[in-house]
Amino acid sequence: MQPQYQMGYDRAITVFSPDGRLYQVEYAREAVKRGTTAVGIKCSEGVILLVDKRVSSRLLEPSSIEKIYKIDEHIGVASSGLVGDARLLVDRARVEAQINRVTYDESIDVESLAKKICDHMQVYTQFGGARPYGTALLIAGISEGEVRLFETDPSGTLLEYKATGIGIGRPAAMKIFEEEYDPAMTISGAVHLGLKALHAATEGKFDVGTVEIGVIETQNPVFRKMEPAEVKAFVDEVEFSPSETGADQGE
Amino acid sequence: MQPQYQMGYDRAITVFSPDGRLYQVEYAREAVKRGTTAVGIKCSEGVILLVDKRVSSRLLEPSSIEKIYKIDEHIGVASSGLVGDARLLVDRARVEAQINRVTYDESIDVESLAKKICDHMQVYTQFGGARPYGTALLIAGISEGEVRLFETDPSGTLLEYKATGIGIGRPAAMKIFEEEYDPAMTISGAVHLGLKALHAATEGKFDVGTVEIGVIETQNPVFRKMEPAEVKAFVDEVEFSPSETGADQGE
Amino acid sequence: MQPQYQMGYDRAITVFSPDGRLYQVEYAREAVKRGTTAVGIKCSEGVILLVDKRVSSRLLEPSSIEKIYKIDEHIGVASSGLVGDARLLVDRARVEAQINRVTYDESIDVESLAKKICDHMQVYTQFGGARPYGTALLIAGISEGEVRLFETDPSGTLLEYKATGIGIGRPAAMKIFEEEYDPAMTISGAVHLGLKALHAATEGKFDVGTVEIGVIETQNPVFRKMEPAEVKAFVDEVEFSPSETGADQGE
Amino acid sequence: MQPQYQMGYDRAITVFSPDGRLYQVEYAREAVKRGTTAVGIKCSEGVILLVDKRVSSRLLEPSSIEKIYKIDEHIGVASSGLVGDARLLVDRARVEAQINRVTYDESIDVESLAKKICDHMQVYTQFGGARPYGTALLIAGISEGEVRLFETDPSGTLLEYKATGIGIGRPAAMKIFEEEYDPAMTISGAVHLGLKALHAATEGKFDVGTVEIGVIETQNPVFRKMEPAEVKAFVDEVEFSPSETGADQGE
Amino acid sequence: MQPQYQMGYDRAITVFSPDGRLYQVEYAREAVKRGTTAVGIKCSEGVILLVDKRVSSRLLEPSSIEKIYKIDEHIGVASSGLVGDARLLVDRARVEAQINRVTYDESIDVESLAKKICDHMQVYTQFGGARPYGTALLIAGISEGEVRLFETDPSGTLLEYKATGIGIGRPAAMKIFEEEYDPAMTISGAVHLGLKALHAATEGKFDVGTVEIGVIETQNPVFRKMEPAEVKAFVDEVEFSPSETGADQGE
Amino acid sequence: MQPQYQMGYDRAITVFSPDGRLYQVEYAREAVKRGTTAVGIKCSEGVILLVDKRVSSRLLEPSSIEKIYKIDEHIGVASSGLVGDARLLVDRARVEAQINRVTYDESIDVESLAKKICDHMQVYTQFGGARPYGTALLIAGISEGEVRLFETDPSGTLLEYKATGIGIGRPAAMKIFEEEYDPAMTISGAVHLGLKALHAATEGKFDVGTVEIGVIETQNPVFRKMEPAEVKAFVDEVEFSPSETGADQGE
Amino acid sequence: MQPQYQMGYDRAITVFSPDGRLYQVEYAREAVKRGTTAVGIKCSEGVILLVDKRVSSRLLEPSSIEKIYKIDEHIGVASSGLVGDARLLVDRARVEAQINRVTYDESIDVESLAKKICDHMQVYTQFGGARPYGTALLIAGISEGEVRLFETDPSGTLLEYKATGIGIGRPAAMKIFEEEYDPAMTISGAVHLGLKALHAATEGKFDVGTVEIGVIETQNPVFRKMEPAEVKAFVDEVEFSPSETGADQGE
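Chains as they are written, first to last, in the numbering used here: chain A, 85 to 335; chain B, 85 to 335; chain C, 85 to 335; chain D, 85 to 335; chain E, 85 to 335; chain F, 85 to 335; chain G, 85 to 335.
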């Protein structure tokens, strides 16, 4: 799926290729495809985000590999791709949320926030002097009782999913979701499905200790990261069969 | 129809080719030709916009693939091409409409709005540092009782049509319109014709569930998107014969 | 007449070729040569502008292909070349005319306006970061009783003609004018000559329905576009012989 | 005399060649050498400027080919090279003259004005982002009783001549002047010499009807363009022998 | 591990390679890999930083090779890579710390400071006109009783470690830490481990006289550089066996 | 002495060559070497500047070839190289001198002025977007009784000489000075030596009529250009032997 | 030691090479290596700076070849490399010193000043649009009784030495210092050592008349340049043996 050398049409964001493609945006998507896997799942009780933090050394503090961020009381985000880019977008999202609170004295609508982030990302696909963001975000939240789960990509495209994944394991995770997703799941069921997807996305090299889970429930629409113990309890409940391991996530 | 490598005259918007062409604008048009199909049809009772949203996965929320946008009470827009670019143009159109309301205390003329959008798009074909917009718009509305349907393209050209299409299925749709368009049609007749065009544009791979229809009627000049049920009722009325499938939309 | 690949001297407006030419300006002129034909003719009673709008589809609203524009009470313009560029120049001309009215409380002199437009176009032939305008204009008007007809081109050169043409059919039209132009013609005679020139310019593929005519008369120095009926009356009067068809307009 | 391809040292005004030349300035001079011929001659009674306007078509209004411009009461200018560039320099010269009047309540010194124009032209030979002016000027005037005749070129060099020429016919004209110039000539004698030079410069293809003459006399130091009749009277007086035709102006 | 020539995708920070990499950032990391070794170690009593200053000549004043900097009362930094870049980042860190004191009347949180530095470094990986920082930092400090040890790199990535190293000897140092690190160590034990790591990192070419040690203890959370005598005492305690010498730090 | 094509290191002022040279500055020096010869000589009574104006045509007014300029009462300048550049530097020098008068109510020190000019020239050797000045200056003057003679070059280097030359004839002139210069000379002796140097510099093609001489004497420290008669008197006194003609000035 | 052509990684300061080097900075160092030799030596009584001014002609005023500059009462600087660049840095240093006096009413610390200069130089190694400084400085001074001797280079690196050299003769000078430097030397001994080093650096082509010496003593911490007589006295004391001539300074 990796594009070939494209006769120079791929060297600048301000240049279309003869077939109307923006190669630099496509290359930025490749940076996302090299990132750690993150998945998001809507369910009957709310929406969850799961990431596998891929901690490579026992000397690393797992808490410092932040892949799930709280944006506002009712919104959380998971990222994949360039870490520094993600941090910038998260900061921007937090500021936008605060501006909304200060200006209108109410929390920002999840979709409005997602659009603002995407508009910002689009600018980096049209103007020279900078590169596109090499990061994708899953934006999960609840506005006026409605559960939302958006996915952005480096082009500034915004789509809403019932369940989706970003990063290196996206193909494996999506295969699981296409087959097994059920909107009637509880939070617990969604977490089980998400862990299964992450397990498939990592070809079974699943490290329980570094899964991070974010959740927001309709009952109590406040986004929170689960405590390690809570995560561990879920992980212990799941049994992974060898057949659940995806084989095509290496793209 | 795809241009070949052009000795470097095609790398920047600020460079004419020896035969007076702006290749980057032509390449941006290719981005539109790769987009989803949208059609617009004027009729005796008003004007309609139809798009096929091409929902590729059951996990995707179809509502998030927005291709028809309400700009102001009396104006709607359908887009094809780069999604992020379209969103930007739509935002700009909405702001222009609001500025007109605030400044003159009346709704903006459909043609004035279309020209403002085109002037903005033209700038990106003359100045360096950015790329042209990779998007086309159908702008439909009613001003002072007159039904209008404009089409823009990345060069900033503005044309008014009785019926037209943009995106990958434009050739197939135009063939249908050339043969069957009748200005005396009712809204209902226009929707039937539009569905037929979309059906041809997709080579029969028509997904009823993801057609989106926008409409504004002379009787009640307020642009609205039809409810899914309303759309479904229309779709159920139409029968598609195999012979109506266009074969040349792949250009 | 089309220039060949010029060793890179033709890639930027800020670069002279070794023989002192600005290739980008010459390439912009090629964009004009690819445009629709427009002609202007001075006569004893005033000055007229004629364009052939080349409407390619019955679905297109001919009124939306604007090639003749009223600039001020006493000035009209016909354009050929890039449509978006022409619209920008026309807007600029209208603003200049209004500024003159507001500042000096009188209508702008036709030549002053033409020079302002040309000065603006010249800037795009000397400074980098943008391309020259790919459009030519015929500027017709009456100031202090004097009938004026100017032609601009992408270099910002300004010339006044008794009769002239721009666009793809210029050579054929000029051949007609060189042979048959007579300054003593009436408006009616000028229109006949203009139609003959357009007919030759289109190699006989003349579409009566899409000719647009602008006129300003010394008697009543107000520029106006003729009504379709008025145009049709003129067209019906003219008989086109095959020999009047130009054969060299393809340059 | 035309420079060859220079290994890329000739692509930007900000780059010296290894032998210390600025090729872009030299190429701009080539643009002047392709221009129409203009000559200037000081004499005992004042100074004159003559140009051959090379009117190529009977449809063209000769008055619109302006090559001699009045700058201020006491200063006139003749140009050769890019027409749009000349118009800009002339506008600048007029503004400088007016600024002097307003600021010091007296007319600008001819040499001061010429230096200001040259300083402006020099900037375009040192800074990137623009090209040099492709035009040369002859600046003629009288300050404090002294007759002045300056020549500028694209490099911003300023020289004063007794008699000189610019444009395609410069070599032929200079040959005439070197042989026949006499500072004791009257205006009438100077015009005769100038016409002879123009005749040589055009290889005998001399068109009497399109010669334009500007003059300023010490007696009445007001620059004026001669009326066509006045010009014709002079032309009628001169007899051109074949041997006076220059043969080397094609450089 | 050194990347090869990459078809031009590696010449600008604003260009992604086809596989989504930013080569200029990776090359900046190579500048860090060529730097002197610095290590940081958290322990039960606080956190330490050690650097080997590689003094190449007896004529050099060792004190002028600054590799450990005090940022604020409670924060210190060790650097590796381009010296001038490090000094700039250190200055920036000091200013950020002061701004926090002045604005909130309290000392800056270690993690907040580290993020601010990383955000600054990220900007140089996204915008053209400058190069990324060719430096890495170890940021050690204590906020609200918590011991922190962060590592930044040219991409603006921020990670927290229990023990880590930067510069040419990182691989050798990390091998020691993976095998022998124990969070229960005292400051004294940590210094011993750090010296062992530096010894391995320099392939035994260890110069006791130029080791610099920074320390901050939980008991008295003030960052300080150890006096030479204090350093010497530690060094004298350690015995280096040949087998502890790393052999792969040359990468 | 002319540098060869240098693998592209010579195309921009912002690029050093691998051996630490700035080729664009060296090429600018070549522009000076192509200029007319100017010499400056300090003597017991003051300092003089001489230039050979190389008047190429009897039609040229020699007075317009200005190569010696008065900057302030006590300072004069001779230039060689690009004429337009010299005029700019001279204007700048005059303004600096006036600023000093206005600010401190005293005349500017010769060395201070020379440094200011050089600092200005240096900027054009370090920043992109412009080229270095293609001109050298001899700056002669008297401050507080001290006779000064500075030479600048395109790099912004400033040196003081007892006697020196710039332009095409520098080698020939310097050979004369090395052999014959005597600081005890009178003004008259210095002029004789300068004329001899100019004679050698022009390989004997010496044109008495176009020598220009500037002088400032300790007795009356006011810089002035000598009257033509005064110059002629000096020239008449000198006899040029063939052996004094330099043969190596063609470099 | 001269780098080879580096596949284009060496054309801009904003580009790292694949092995993490900034070639433009290294090339700027080559400019320093081509400069005249300057040495600095700390001793028991203060610190001295010595330069060999390489006066190439008897016509040159040696005083105008300034290589040692007084910055403030207590600080002096010696430079090597591009002369114009050095002058700029010296001016900047003087301004920084004055700013400190005005702002804090005390003289600037030598190290603070050196850092400010280096920070300024670093900027030119990170941002495009300019080149790095092609100059190195030795900064000598006394702050609060402490004798300081810093060396800067084009990268903005700052090191303090007991004795060091810059310019073409650095290797030869450093060899002398490594062998013979003794911190207990008196000023007189230091001057003797410095002269020996310069002698070696010039391969014996030592010109006594153009040595310049700057000195600041702890007793009277005011930087001054020695009078020529004082310098001559020192030079006369030293005897140079052939064996002291370095042979490797040509690098």
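By construction, these hints were calculated from the structure, which means they are not laboratory data.
Yeah, the Cβ is synthetic: ideal placement off N, Cα and C, and Gly gets one too.
One thing to keep in mind: the hints can contain errors.
[To be verified] Simulated restraints on C-beta separations:
| hint | chain 1 | residue 1 | chain 2 | residue 2 | range |
| --- | --- | --- | --- | --- | --- |
| 1 | A | T187 | F | D175 | 51 to 59 Å |
| 2 | B | D203 | A | K316 | 54 to 62 Å |
| 3 | B | G288 | A | D320 | 47 to 55 Å |
Quick rundown of the hints versus the structure:
The hinted window of 51 to 59 Å between T187(A) and D175(F) holds, with their beta carbons roughly 54 Å apart. Between D203(B) and K316(A) the Cβ separation comes to about 60 Å, which falls inside the hinted range of 54 to 62 Å. Hint check: G288(B) to D320(A), Cβ distance near 51 Å, so the stated range 47 to 55 Å holds.
Of the numbered hints listed earlier, not one is contradicted by the structure.
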